[in-house]
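Colleague: Chain by chain, the residues run as shown.
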Amino acid sequence: MWSVSIDIGLKKGVLDAQGKAIHQALLSLGFTDVKEVRVGKLIELKLEGETKEKIDKQVKDMCEKLLANPVIEDYRFKIEEQ
Amino acid sequence: MKFGIVQFPGSNCDFDCYYAIKNVMKIPSAWIWHKQNEFSGFDCIVLPGGFTYGDYLRVGAIARYSPVMKAIINFARKGGLVVGICNGFQVLTEARLLPGTLIRNECLHFICKKQSIRVENNHTPFTGMCQKGQVLQMPIAHGEGCYFADIEIINEMEKNNQIIFRYSDINGQTSKEANPNGSISNIAGICNKKGNVLGLMPHPERNIEDCLGSGDGKLIFESIEMYLKKEKILQNN
Chain A
195 MWSVSIDIGL KKGVLDAQGK AIHQALLSLG FTDVKEVRVG KLIELKLEGE TKEKIDKQVK
255 DMCEKLLANP VIEDYRFKIE EQ
Chain B
106 MKFGIVQFPG SNCDFDCYYA IKNVMKIPSA WIWHKQNEFS GFDCIVLPGG FTYGDYLRVG
166 AIARYSPVMK AIINFARKGG LVVGICNGFQ VLTEARLLPG TLIRNECLHF ICKKQSIRVE
226 NNHTPFTGMC QKGQVLQMPI AHGEGCYFAD IEIINEMEKN NQIIFRYSDI NGQTSKEANP
286 NGSISNIAGI CNKKGNVLGL MPHPERNIED CLGSGDGKLI FESIEMYLKK EKILQNN
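As given, the protein sequences belong to chains A and B, one line each in that order. Position 45 (the first sequence) corresponds to 239 in our numbering; numbering is contiguous. Position 220 (the second sequence) corresponds to 325 in our numbering; numbering is contiguous.
Because the hints were derived from the structure by calculation, they are not lab data. Computed from a predicted model, the values in this text were never measured in an experiment. Among these hints, one or two may not hold up.
[As the list claims (entries may be wrong)] Part of the chain A face toward chain B, derived, beta carbon under 8 Å:
#1 V208
#2 L209
#3 A211
#4 Q212
#5 I216
#6 G234
#7 N263
#8 V265
#9 I266
Backbone N, C-alpha and C define an ideal beta-carbon position, used for all residues, glycine too.
Full structure from sequences and hints, please.
Modeller: Okay, here's the thing in structure tokens:
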């Protein structure tokens, strides 16, 4: 069994309205050192497969097709054997 | 002439569209269920607004892989008319039938209000009954309507006259103040390069009769009707 954690974030230059609002909230709480906030998502998968290479290929395909939108998002992932 | 209105789990403007097209426009219409692998006999397919699959993952992202979408993509590739309204627009961008995508409104609020939009191109099957520069009143109701695409894509769409509607004030000025959601270049509606697929955030079906405001939304459906009638005459000759 493999455990995959996929990190999806907005590309540079794409307006992150949520990040901006959170930034404002942090500043108003006194965390004045915060210069930027970007919000993304974390997707965790458990899946079966023979080799890490096969899992890598599959997860890439999942990201391209569904999990991330290449127009606005970048993704990266970590695969661990369990 | 027949319109098909697609029902996904979470569509909630499906009956508004049906009422607008069938009861007000008097055009034969039928439902298309999201699990259908195929359909036939339709001249125009409408993807209505709503919150397909609860807007999970990204707006429109799950609906894009519904069985019916393959048939819609084929229909569009063959030149069939497809209109996506609000969430329907989001589904069409996820399906790559339209360029770019729609992200969270700049102001973070869900916006539900009357809005003016300016017709940028009236040489399309969807706007033939409008004047270029005409200002239409159409309600908007969305949380994720901020249109985004790379600047190269925006420039290309501009060159090909693919930007069909822009948010404006009542006088047709497309200022920052008139932009409700932060969309690039005040974009409210676009079409594909071929010109047979339209996506727009405003709801024409919600301003279809005078008693609902001005009835401006009717112009979109009348344009499609006129276009299809002309097409049929050309085909018969």
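Colleague: For every hint, state whether the structure bears it out.
Modeller: A quick look at each hint next to the structure:
no. : hint : result
1   : V208 : holds (6 Å)
2   : L209 : holds (6 Å)
3   : A211 : holds (5 Å)
4   : Q212 : holds (6 Å)
5   : I216 : violated (10 Å)
6   : G234 : violated (12 Å)
7   : N263 : holds (6 Å)
8   : V265 : holds (5 Å)
9   : I266 : holds (6 Å)
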